[in-house]
Amino acid sequence: MTATSQDTRPVLSRKQMLILFGLAVALRLAYVGVVAILGGDFNNGSDSGKFIRRAQSLLEHGEIVYLDFGILIPDTARMPGYPYFLAGIFELFGVGRLWIVSIFQAFIDGSTVLAIGLLAGAIDKRWALPAAGLACVWATLVVYASFVLSDTLFLALFCWGISACAQATRSRHKVLLMIAAGVAFSLALQTRTTLMFFPYLLLPLVGYLLWSAGGARWYRAAALATIPAVLIVVSVVPQMARNNANYGQAVVTTQSGNHAMDVVDQFLRACPHCMAAGMEDQMHAELQIRLGAMPVPKQQNPVILNSIRRDVALDFLKQVPLTALARGTLNGILRSTSQTALYETGHQMRWNPQFFSAVTGSSTTARLIRFSKAVATDPFLLIWSVAQAATLVALFLQVAGTLGGVRNAETRPYIIFLLAVAAYFLVLNGPFGSARYGMPLTPTLVILTAAGLMAVRDRLGSRNPARTNHQAEGS
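Numbering (the working numbering), first residue to last: 79 to 553.
To be clear, the hints were calculated from the coordinates, so they are not data collected in a lab.
Fair warning: there could be bad hints in the mix.
To be verified - Subject to a maximum C-alpha distance of 27 Å in a straight line, what follows is the list of computed BS3-like cross-link-like pairs (lysine-lysine):
{"no.": "1", "residue 1": "K376", "residue 2": "K128"}
{"no.": "2", "residue 1": "K252", "residue 2": "K93"}
{"no.": "3", "residue 1": "K203", "residue 2": "K93"}
{"no.": "4", "residue 1": "K252", "residue 2": "K203"}
Sequences and hints are given; from them, build the entire structure.
Here it is as C-alpha cells:
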C-alpha cells in the first residue's frame, strides 16, 4: 500500500522502531567487540589522525589551531563539528580509548537506520520495514561506524535531513519539517564540507518534490524549499566571518584546494596521453612556481594557498579529454556502488588479505584461479566473497527498484529526488570510489534495494494465483 495523505497510521510503530534501533546498535556493538578482541584498529590512519589532533587542540588551546611557520594559527582545513564531538568524548573518557568513540557512533548509526526507514516509508509504507531492516545489516554502515571518522555522524544528520524533506510532502507541518531539515543539513555541513554546494541542488529539488508529490502550489513549494537552503547558508556565516578576520577572505574551508588537486591527479592517471606528456608532474611544478612567485606573507596564508591550488587544478582539468573524465568518473561510480565495506575490515584487523587486485599471474584466467584458491583457504576472504556477492545482487535489485519506482507515478518524484542526491555526491567524488566514498549514497542504495525486493515479491505473488486469490478475499 502506498502512503497517502489520508492514511494516518505511522510508517513504523514505536515497537518496530525500538526493535530496529536495538538490533542495529547491538550488531554494531558486536562488531566493535570483535575488532577489539581480535586486535583490530579503530584508527583509520591519517584521516582519523587529523580529527584526533584537532580534538586535542580543542582540549589544549580551547580552539582548533595548528603549528605553521613556528606559530599557532586558526585551522581552516576541516569543519569543526566532528573534532568537537571527539573532544567531548576525550574530555570525559580520555584520548587513548578510541573504542568508546565507536560505541557512541553505534548508537548514532542506530538512529540512521530509523531515518532511512522513515524516509522509505514516506515514499511507500511497504518499503519502510524492509529498508530499515536492510540498513540494520548494511555492511558499510556497520564497518565505518567503528572507525574514528566523521562519516557516521555526517550520514546520520544527512539522513534525518532528507527524511524530513520526504515526510513534508505528506504532512500538515511542512514548515516545521523544512526547518528540521535545514537544521540537520546545517549540522551535517559542520562535520563534512561535501554539503557546501548542496543548497544549489536542494532548493529546486525539494521544491519539485513538494509540488509534484506533496501537491503544493509552485510558489508555496518554492518558498518552503527556500527554508532549508537558507538555513544551510546562514549556518556557515560565522565561520566565513572568522576566516575573513583571520586571513582576509570569507571562505568556509581551505580543504577544497587539496581535494581539487587530488581529483585532477586521478583524472590525469586515467588518461594515457596525459601521463605520457607528464601532465601530472607539470601540474605540481606549476603549483610550486606560483607559490614561489608570491611574497612570504601570502605563502603563509592558508586561504590564498587554497585558492592557488584550486586554480591550478582547474587549469589542468580543462586539458583532460572528456573521454578520460567519463572513464574516471564511471570507475569511481562503480567502485562506490559495488564494493563491499568488508574490504576495509581485512585491513582494519591487520590481516592484510590478498585481494584480486594484488594477485599476479600470466593472464586474467591464471589470476582468477590463484585468487579462487586463496578464497577457498582464507576464512576472511570467503566471508568477503559472500558479502561482495550480496553487494552485486543488491545492485541488480537497485536497478529493479529504480525502474519500478520511476514507472509508478506516486513514487516517481521521490526516486528522482534520491537519484539526484546520489548524483550530487558522485559528481563531487569524481574518480574517487570505494565503500567509504559511497557512504552518502547509502540511503538511496538501501531504499532502492528494498524497492527492488518488494518488486520481486510482487512479481512472484502475481505468478501465484492461489496466493493472489487469498489476498483478494482478505481485502
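Do the hints match the structure? See the list:
1. K376 to K128: holds (24 Å)
2. K252 to K93: The given pair, whose Cα atoms are some 26 Å apart, holds under the 27 Å limit.
3. K203 to K93: holds (16 Å)
4. K252 to K203: Holds, because 19 Å separates the two Cα atoms, which is no more than 27 Å.
Violated hints: none; the structure is consistent with every hint.
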